[in-house]
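Engineer: Make the full structure from the sequences, and use the hints.
Protein chains: 2
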Amino acid sequence: MTPEEFRAHGKQVVDWIADYLASVEEHPVRAQVSPGEVRAALPEHPPEQGEPFDAVLADLDRVVLPGITHWQHPSFFAYFPANTSGPAVLGDLLSSGLGVQGMLWATSPACTELETVVVDWLAELLDLPARFRTDERGGGVIQDSASGAAVVAVLAARQRAGEGRHRMYVSSQTHSSLEKAARVTGVGAENVRVVDVDPETLAMDPEHLDRLITEDLAAGFVPMLVCATIGTTSTTAVDPVRRIGEVCRDHGVWLHVDAAYAGVAAVCPEFRWCNDGVAEYADSYVTDPHKWLLTNFDCSVLWLGDRTPMVEALSILPEYLRNAASSSGEVIDYRDWQVPLGRRFRALKLWSVIRWYGAEGLRAHVRRCVELADGFAESVAGDPRFELDPHHPFGLVCFRPLWPEMSVAESDAATTELMERLNDSGELFLSHTRVRGHVVLRLAVGSPATEEKHVEAAWRRIAAEYDAVRDKPRQQR
Amino acid sequence: MTPEEFRAHGKQVVDWIADYLASVEEHPVRAQVSPGEVRAALPEHPPEQGEPFDAVLADLDRVVLPGITHWQHPSFFAYFPANTSGPAVLGDLLSSGLGVQGMLWATSPACTELETVVVDWLAELLDLPARFRTDERGGGVIQDSASGAAVVAVLAARQRAGEGRHRMYVSSQTHSSLEKAARVTGVGAENVRVVDVDPETLAMDPEHLDRLITEDLAAGFVPMLVCATIGTTSTTAVDPVRRIGEVCRDHGVWLHVDAAYAGVAAVCPEFRWCNDGVAEYADSYVTDPHKWLLTNFDCSVLWLGDRTPMVEALSILPEYLRNAASSSGEVIDYRDWQVPLGRRFRALKLWSVIRWYGAEGLRAHVRRCVELADGFAESVAGDPRFELDPHHPFGLVCFRPLWPEMSVAESDAATTELMERLNDSGELFLSHTRVRGHVVLRLAVGSPATEEKHVEAAWRRIAAEYDAVRDKPRQQR
Numbered sequence: 001m002t003p004e005e006f007r008a009h010g011k012q013v014v015d016w017i018a019d020y021l022a023s024v025e026e027h028p029v030r031a032q033v034s035p036g037e038v039r040a041a042l043p044e045h046p047p048e049q050g051e052p053f054d055a056v057l058a059d060l061d062r063v064v065l066p067g068i069t070h071w072q073h074p075s076f077f078a079y080f081p082a083n084t085s086g087p088a089v090l091g092d093l094l095s096s097g098l099g100v101q102g103m104l105w106a107t108s109p110a111c112t113e114l115e116t117v118v119v120d121w122l123a124e125l126l127d128l129p130a131r132f133r134t135d136e137r138g139g140g141v142i143q144d145s146a147s148g149a150a151v152v153a154v155l156a157a158r159q160r161a162g163e164g165r166h167r168m169y170v171s172s173q174t175h176s177s178l179e180k181a182a183r184v185t186g187v188g189a190e191n192v193r194v195v196d197v198d199p200e201t202l203a204m205d206p207e208h209l210d211r212l213i214t215e216d217l218a219a220g221f222v223p224m225l226v227c228a229t230i231g232t233t234s235t236t237a238v239d240p241v242r243r244i245g246e247v248c249r250d251h252g253v254w255l256h257v258d259a260a261y262a263g264v265a266a267v268c269p270e271f272r273w274c275n276d277g278v279a280e281y282a283d284s285y286v287t288d289p290h291k292w293l294l295t296n297f298d299c300s301v302l303w304l305g306d307r308t309p310m311v312e313a314l315s316i317l318p319e320y321l322r323n324a325a326s327s328s329g330e331v332i333d334y335r336d337w338q339v340p341l342g343r344r345f346r347a348l349k350l351w352s353v354i355r356w357y358g359a360e361g362l363r364a365h366v367r368r369c370v371e372l373a374d375g376f377a378e379s380v381a382g383d384p385r386f387e388l389d390p391h392h393p394f395g396l397v398c399f400r401p402l403w404p405e406m407s408v409a410e411s412d413a414a415t416t417e418l419m420e421r422l423n424d425s426g427e428l429f430l431s432h433t434r435v436r437g438h439v440v441l442r443l444a445v446g447s448p449a450t451e452e453k454h455v456e457a458a459w460r461r462i463a464a465e466y467d468a469v470r471d472k473p474r475q476q477r
Numbered sequence: 001m002t003p004e005e006f007r008a009h010g011k012q013v014v015d016w017i018a019d020y021l022a023s024v025e026e027h028p029v030r031a032q033v034s035p036g037e038v039r040a041a042l043p044e045h046p047p048e049q050g051e052p053f054d055a056v057l058a059d060l061d062r063v064v065l066p067g068i069t070h071w072q073h074p075s076f077f078a079y080f081p082a083n084t085s086g087p088a089v090l091g092d093l094l095s096s097g098l099g100v101q102g103m104l105w106a107t108s109p110a111c112t113e114l115e116t117v118v119v120d121w122l123a124e125l126l127d128l129p130a131r132f133r134t135d136e137r138g139g140g141v142i143q144d145s146a147s148g149a150a151v152v153a154v155l156a157a158r159q160r161a162g163e164g165r166h167r168m169y170v171s172s173q174t175h176s177s178l179e180k181a182a183r184v185t186g187v188g189a190e191n192v193r194v195v196d197v198d199p200e201t202l203a204m205d206p207e208h209l210d211r212l213i214t215e216d217l218a219a220g221f222v223p224m225l226v227c228a229t230i231g232t233t234s235t236t237a238v239d240p241v242r243r244i245g246e247v248c249r250d251h252g253v254w255l256h257v258d259a260a261y262a263g264v265a266a267v268c269p270e271f272r273w274c275n276d277g278v279a280e281y282a283d284s285y286v287t288d289p290h291k292w293l294l295t296n297f298d299c300s301v302l303w304l305g306d307r308t309p310m311v312e313a314l315s316i317l318p319e320y321l322r323n324a325a326s327s328s329g330e331v332i333d334y335r336d337w338q339v340p341l342g343r344r345f346r347a348l349k350l351w352s353v354i355r356w357y358g359a360e361g362l363r364a365h366v367r368r369c370v371e372l373a374d375g376f377a378e379s380v381a382g383d384p385r386f387e388l389d390p391h392h393p394f395g396l397v398c399f400r401p402l403w404p405e406m407s408v409a410e411s412d413a414a415t416t417e418l419m420e421r422l423n424d425s426g427e428l429f430l431s432h433t434r435v436r437g438h439v440v441l442r443l444a445v446g447s448p449a450t451e452e453k454h455v456e457a458a459w460r461r462i463a464a465e466y467d468a469v470r471d472k473p474r475q476q477r
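Residue numbers (the UniProt record's numbering), protein chains in the order written: chain A, 1 to 477; chain B, 1 to 477.
Please note: incorrect hints may appear among the correct ones.
[What the hints assert, rightly or not] Label-pair restraints from in silico Cβ distances: (1) A219/B / E48/A: 26 to 34 Å; (2) E452/A / E136/B: 46 to 54 Å; (3) R460/B / E319/A: 22 to 30 Å.
Since the hints were derived computationally from the structure, they do not count as laboratory data.
For each residue, glycine too, the CB sits at the ideal point set by N, CA and C.
Structural biologist: Shown next as structure tokens:
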């Protein structure tokens, strides 16, 4: 494809995306296809001859779009948001167009140095401690995901802990990526201990953590890493980082803070309470601009207080990658800060986002989402058909329909049926979790496209479908 | 950014990229900046107010471009290529614009099913065995990199091998990502055994492999994985996969084939010899369309003969990800085929590339690169000032300037000086390796923009700089 062909087709694609974004509400939020439907609509064999780009765009409309669950739809309320935004898409487009590979400083200095600048900027925007900045012993780096960041944190912690039978500590509410990291790194799921949570707030119990660590030390294990979460995936519970950090400090254990979803809320001073204790105690901290900060996947930022054990754990230098800049020690080679060798120029999209919105715009986005979520929570709280989980500090609201005269199992089935009816409608998309023995619905507000009218419409639909499920004769369930 | 603002700025960015691609030759190939220069040219603090997108584009020209090493420059001959192409950039742009997250089939069925289709297509294009196809027990999946794929292969192999003191087998020419995978997964670098290579071809010696495995079995170790390479990073040596496979079969060891760079050459029937033995013996196989198949980073395709041990090693299902489609067993959830949970819609770019070029266009690309490399090799072979490495089956040529009357150390220093003069010139960019005790230069042809004139100019410049280095009075070195 020549530059001039690229110019022409590129503008077609930009128009396609602009039209898509302008009309995204016309699509059902959740794809309505059955397993195998998309695959069956595509040719079994690759083309022998090249095809015009129009053919790709035609199939995008014909085959791909019906199989898309529209994460950017204003009524997408499931999971956590995975925001994208115009400046992020354009920053990413620039990255694709430049096509550089930033494995070493020398393979594109701007790719490394712009990343250092933007992660330092983000640390400042979130009021994270100065020791996370790259000009001190620490530093930030963009990872593919909080899962990838967890693997890096575990490896750094293991490097610092030295040999031994390692143990990690999570709560029942910790993201599954920590158990996955334990399995991936060979620590083993059997060495992940589950700390109790407060039954009300679902936050980790630091006293129980202390007891488990003490017990393990006595049994000859090496307590290696504790993961505290700021905004758990299930319900956005916030672990008491300060008190957990004190326990970690007492026993010399690495404290990893998983703030994947909620950490970015700290762009607003009124949400910085959630990071209490991070400045003093966190050895590593991750938050995902690709969730709630308008930056398309993948863009997860991991900071460390001391980058040395990470680099020791991950650095290998074959001859063909040796170069004067690396040998000088004056530059960062981010390949030693991650599992893969190759790296995309991901800093461009975060840079575009921060510049386009500015600190003010980012704060306004977070505040608007929280306000909309609070409004929804008020509606739920005022309706006797539902029970609201009163802990909803960010953009996620958990709530439960109440089903009089039903057993727990029947209630759960009815709640699930309600959710599936809602999701099948295509009008909105919710997900669920299980809290204190009940299936609970989750409504997460995060898209820049979501307005009050979408949240209100969601609430009306939920209430209406509740009535429909409740009034349905029991034998039809 | 509204859809209409996106439309306007998107077209600006497309123009910027088209202009960049059209004028890429005007830039020095390798960035000429010093450490810290890019960083110093950027504001220390993030902006409080949002800025117009034009400001981002202006800084792209002013600050970022001078710090870019232009991987898409036709005279970029370093490392391995990291191709991009118009259809790849546009496919990736569509992915950013749609902004979907394909962790589960249910979170965007088309993201999963299109991936299944295109990796099956690619298997067909490369004539890989039917058992790698997803409709049998195996399957393909797009990973971030061959490094990430190596981690997955090690985890699957460990799962199949069961408990024990695991050992892995590589050669001195195997990519460093295998040692990194051993460290990441906790197998440990000390359990990676290095198999001898043929001193001439640098291919792994299967008899030595057999002896090492036999020795380890006798000592109570569990031989777990052998990595054979098709096209090593240093010199594109090709390990004898068939004979290695027989050894693996005899001892029940997982055979991982790393064909990251060279595997895609098999789009051409005349290069399929390199995959001899893969069909019968490989348990996993990886090749990178983001290296030599016109698809921008990241797009590494991993296939497995049996996906079960991988899924067993990587699957965790928390409540909030449970859904009817996953429970039915009728769908693939690719999150269980990789370390991260989240996934970008990367299939779109590979789909765009295969459709735009067709099998014919992909073959023409590979053939053209190999022809250009062969032409360069002929020039080297005909010049007594240089020694050609006669093994250059693909697009990489290794060669060594000869420095009469110099010791090995002096020769290496002179070769390095020659390379740095070339790279400092901005006219071309080469990298080096070390083979049989000597520093050796590497010239890799891979960019779709590279023409005969670029390779010829590179050769002229290399020869001229050789003379300059040779004729320089010795004390100035």
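Engineer: A separate judgement is required for each hint: does it hold in the structure or not?
Structural biologist: Outcome of the hint check:
1. A219/B / E48/A: 26 to 34 Å: Violated - the Cβ-Cβ distance for A219/B and E48/A, about 53 Å, lies outside 26 to 34 Å.
2. E452/A / E136/B: 46 to 54 Å: holds (51 Å)
3. R460/B / E319/A: 22 to 30 Å: holds (27 Å)
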